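Asker: Listed below are the residues making up each chain.
Protein chains: 6
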Amino acid sequence: MRIRVINPNTSESMTQTIKTSAQAAAAPDVVIEAVTPTMGPASIEGHYDEALAVPGVLTEVARGVEEGADGFVLACFGDPGMDAARELAQGRPVIGIAQAGMHVAALAARGFAVVTTLSRTAGRAWDLARGYGFGDRCVEVLACEVPVLAVDSAAAMVADLAKEALTHEGVEAIVLGCAGMAEMAARVTAEVHAPVIDGVGAAVGLVETMVRIGVGGCARGEYAHPLPKRYTGLLEGFSIPQG
Amino acid sequence: MRIRVINPNTSESMTQTIKTSAQAAAAPDVVIEAVTPTMGPASIEGHYDEALAVPGVLTEVARGVEEGADGFVLACFGDPGMDAARELAQGRPVIGIAQAGMHVAALAARGFAVVTTLSRTAGRAWDLARGYGFGDRCVEVLACEVPVLAVDSAAAMVADLAKEALTHEGVEAIVLGCAGMAEMAARVTAEVHAPVIDGVGAAVGLVETMVRIGVGGCARGEYAHPLPKRYTGLLEGFSIPQG
Amino acid sequence: MRIRVINPNTSESMTQTIKTSAQAAAAPDVVIEAVTPTMGPASIEGHYDEALAVPGVLTEVARGVEEGADGFVLACFGDPGMDAARELAQGRPVIGIAQAGMHVAALAARGFAVVTTLSRTAGRAWDLARGYGFGDRCVEVLACEVPVLAVDSAAAMVADLAKEALTHEGVEAIVLGCAGMAEMAARVTAEVHAPVIDGVGAAVGLVETMVRIGVGGCARGEYAHPLPKRYTGLLEGFSIPQG
Amino acid sequence: MRIRVINPNTSESMTQTIKTSAQAAAAPDVVIEAVTPTMGPASIEGHYDEALAVPGVLTEVARGVEEGADGFVLACFGDPGMDAARELAQGRPVIGIAQAGMHVAALAARGFAVVTTLSRTAGRAWDLARGYGFGDRCVEVLACEVPVLAVDSAAAMVADLAKEALTHEGVEAIVLGCAGMAEMAARVTAEVHAPVIDGVGAAVGLVETMVRIGVGGCARGEYAHPLPKRYTGLLEGFSIPQG
Amino acid sequence: MRIRVINPNTSESMTQTIKTSAQAAAAPDVVIEAVTPTMGPASIEGHYDEALAVPGVLTEVARGVEEGADGFVLACFGDPGMDAARELAQGRPVIGIAQAGMHVAALAARGFAVVTTLSRTAGRAWDLARGYGFGDRCVEVLACEVPVLAVDSAAAMVADLAKEALTHEGVEAIVLGCAGMAEMAARVTAEVHAPVIDGVGAAVGLVETMVRIGVGGCARGEYAHPLPKRYTGLLEGFSIPQG
Amino acid sequence: MRIRVINPNTSESMTQTIKTSAQAAAAPDVVIEAVTPTMGPASIEGHYDEALAVPGVLTEVARGVEEGADGFVLACFGDPGMDAARELAQGRPVIGIAQAGMHVAALAARGFAVVTTLSRTAGRAWDLARGYGFGDRCVEVLACEVPVLAVDSAAAMVADLAKEALTHEGVEAIVLGCAGMAEMAARVTAEVHAPVIDGVGAAVGLVETMVRIGVGGCARGEYAHPLPKRYTGLLEGFSIPQG
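Chains as they are written, first to last, in the working numbering: chain L, 15 to 257; chain H, 15 to 257; chain S, 15 to 257; chain R, 15 to 257; chain B, 15 to 257; chain W, 15 to 257.
Hints were generated in silico from the structure; no laboratory data involved.
One or more of the hints may lead you astray.
Note: identical chains are not told apart, hence a pair may lie in one copy or across any two.
[Stated by the list, open to error] No farther apart than 20 Å at their CA atoms in a straight line, the calculated lysine to any residue pairs in the SDA-like style are these: (1) LYS33 / THR50; (2) LYS177 / SER133; (3) LYS177 / THR52; (4) LYS177 / ALA204; (5) LYS177 / MET15; (6) LYS177 / LEU132.
As the structure is a prediction and not an experimental result, all values here were calculated from the model.
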């Protein structure tokens, strides 16, 4: 089984962090293919960045389908372009790391907190939590206010926030709110003595589960392939040809 | 007051339909500036189209801010790129026509139906309805299965669907689910004897209201201006420079 | 366009405050007609007052319909008698200022706080927020504990409460919770640097929007005209004659 | 224990129906005092009627408190004036028959249907169901379209609607949606072989329960006694004097 | 009328506490039969205890049906085995004390807090609150951390927690979260000046109400008698014979 | 990795069906240990059966912990005893097949239907759906009315129901509602051309995911080990000894 893990930003170093975490979570018969888009923002720290990461993500999904990937992980906590990616994936599973992290947290505990980078991204996390059905289980979103590209060295701050969150009513697990935190799950777990979930590993496991039991995404109706259509200007290359 | 009405697709004919409807709804002291993006899909009929309409929308919002627009209407029923647009709008109101149509429907009646173009777009309509707080009031989404660029000549079908919806428990108003239907609100109203809401006109009124009472969007926290950042590849032009 | 703005209490001074605020929010072609009922409480500070403000409100709605008003604003934050008023308004828009203030806050920001007069009215504010679909977006209701008829001189206290609310998780806009606060929106906005919404101005804008786009309330089913019926005793004058 | 059962309309014949049903439900040591207001509508068939039934209801609650009633039942399915009545009742339980009927239905079954008189009252029933926490359990509201004052002779139609409702997914109990149906519960139960709840009897039991275990309503905060205030015009008599 | 009140744990002393409280709440014509199961845990302080209290509860329900009880109260705040008990009760009301306490609190006040024994039981209280429709009204669950079998002597601590809870936004009534607290309702009420609800008394009143108005539980569909079936091993005696 | 899959009923043939399905879903390095309890009902077809399956389930969980299992699957669609099992599992993942099936359905599609055995079990399915956060996504529960122990030969009926469900608004995936259907997922998928989810395979994948990423259940607070306690009578063996 081959799972393509897409880093939605263009920073190669973060792709390596994500790859390491994804491989650690994969079963022996799973090949992880971690990729970086050829266009888009160096990091995703708000709605503008996230919206403009989507073209690059979609290009990688289309390429992955062509090259025979069995499923996709979108490795940014805003799950950018997930619905559009599903239209391209033609029934292969596409899972975002916020989605995966929250699902696994909901399986592990009654309530969870998200520990993220910048507080300006908390609104997106809440929208996703509500959309996935976890509006009640997501108790709070805490930010360490460290930029995405520096967060891999902020494990101590993340652990402190996690510890604080676990003292709040109803918080029994921690979801790491950035792909850049992927490698710190074990360390933070050891410090806080509670489930700490890295969405990258969680997403790999969920895609694997779906592939093994033959449950792809839905490839009809809402998620059917995009209709043939002409795109213009800078985005001309995204046109969908007839047939 | 100058309101910039952005048609998120690249079809100039639809921009004209939207402009006519927006002007009819505007107060005497309001100038409507209807614009078409220079990049993106010819029409928006799914998540892929919608995601890829966003770069063009954002370019127009940035231009509008520069040219002194007082507020923005995003004239596609998927409200594409609204959160990102708000980051650029620096406190000026940005309203989508799904958002506006549903708000006005909620003011006019207990429950409403959305009549839209293709059924594959219904999922997006439901996501928006729930996100705006109208998950209970939106009773159903019905599709006439006419493509977006042909829907302006499908008023009879739209009226029939609206009539049918109004026989269903809890449906007391109709929201037109496509900017291409903007000019048919009066005609459908006359046929169905119930409130029929064109989101374009509704959005113009809501932006106007906000500008007159000095309530913009929130320009801090989540909706602060995007952080300085380098974009690469095809999207290099979207980089946010320092300072 | 003529909008009748009804002050549900009998204090003429508050009607003047409301009128000033309504006029400031109206487009050039809108005439504001602010009226005071001939019966009811001097101010509305609880459920009893609010319930007994309704007969006076209904009398003014009936008179407004007769005199050709195009729409109605109910200018008390409890939106007293709104459903009954809609039965009388025969399809003309009827908007309460809590409803309007909350709708505009939901358009402007992710979450809001209501700053009101007496804490005993907070329950009503919550009921309205939930009923309008904003149970999640209304984060808190704070009271300055100043009586309604004195609140116009309490702008400093209101600003302080607004500032405090804006430090709370999820509060990004302030809804002024009393018509007596109508004139202080600009001042409080200037102090708190966030959207501050006066429901009176907001309601004028929403009624205007609805009239311009030809969307009245629903005049059939639930909101059809009251059935012919004999009233007795003190309320005999409210009888609805045959035909 | 003395329970005052208030018929919110002015039709003495309906007060007798209510009284019979209330007495049948009362324990041996409970005295039922059924009363008719001296002002208001002959029947309640919409929001206007209901709003204008409130002054008469409040007069009876005030009289009941003075005369030593231990608790109150508001015997119209719209629960008119309940919040205001609680302010007057100074801690004595005040229960509406919609509230009581829905609570008992929720105790008896997973989901219920309301069978009511006119369909124009269904909106009010839904608002109450949602407000009481039973938005999910109330599956539907069906109307026999018989006026309130004639419904006592429509038991066969009510039974037919109840039977139909019980064939719908999730409906396992029937709440009778009008005090005028109070005496038909046993007959309809016998026909439909499922729980059929008359709100009048249910409300008597709930008030009794609360009185026996010393749990009144809350007499502080929101439901504290109305503040001293001058009322003018027709409603002058509702003024609340100082002290 | 005979109401069987089942103490789900095997501690006879707690059965006596429950019996006293139940009798104080019963009308003169009601006989309270308080029973202790012959198997199960000495107290219920977690999910394991609660799950294993169910066989004993079901044995007592079966015996009660055979001996002609008119209805059942399950006197542990986790409402253990309620759905299964309803299948055995063949239409007789079965009410748990958490269910009853929360229903009466919802009738008495807008929001309530539960004061319970150990914090590890709070999750169960929240599940029940949400399941009964009171997820919004249940504001918090506070634990005194006194074991169930010692809690009858901890009234002062319970009163202190109740007082604290009543200072929190939205808390206007207290539900006692353990049958072992049944006798302290009056004392705590006197100290906190707000409604304090003992679920045992509340449940007796609700069962009484249902019996008097002829509304049992639903004895068809989901709650029909268990199907004939062979049980093996230790639980062989729970087999349901044919016919 | 060793995953213990517990069949909550005592029918060995069903354990074999479950084992086959679990093994097909497992990664190469996972050992499936399928076990049958020594006590309890031959099949689970209602609340009584389910409640009385719990003692046998708990015995198997305790044995699995002792024998070094890494995680547990509860292979009955009612997820019997899950909370209690978690207290025993001391941090190892415990996943029920309803929980797993619904989670994977939510990952695969916007909305799903459950196809189950007897309609009397639908209530339990709804309770679980709501509890897991999927109350909106679970569109309907359809029953084939075939007993659990015969359902393995009813694949054609299940496929027909699935096909019917997929014609209903919002249903885009099917969750098989009984462990006895585990082996028919591929066949039904082939017939209905949409995702069909067997909860057994789904649960194996979710447990695997959690074990691989080091996220167990929460072993503190609510899910800490049961307190030492004496059990009496038939259940004496379930006593929890000191220390």
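Asker: A separate judgement is required for each hint: does it hold in the structure or not?
Answerer: Now for the hints, and whether the structure bears them out:
no. : hint            : verdict
1   : LYS33 / THR50   : within (11 Å within a copy, 40 Å between copies)
2   : LYS177 / SER133 : both (18 Å within a copy, 19 Å between copies)
3   : LYS177 / THR52  : neither (38 Å within a copy, 42 Å between copies)
4   : LYS177 / ALA204 : within (11 Å within a copy, 38 Å between copies)
5   : LYS177 / MET15  : neither (37 Å within a copy, 30 Å between copies)
6   : LYS177 / LEU132 : within (18 Å within a copy, 22 Å between copies)
Violated hints for the displayed structure, listed by number in ascending order: 3, 5.
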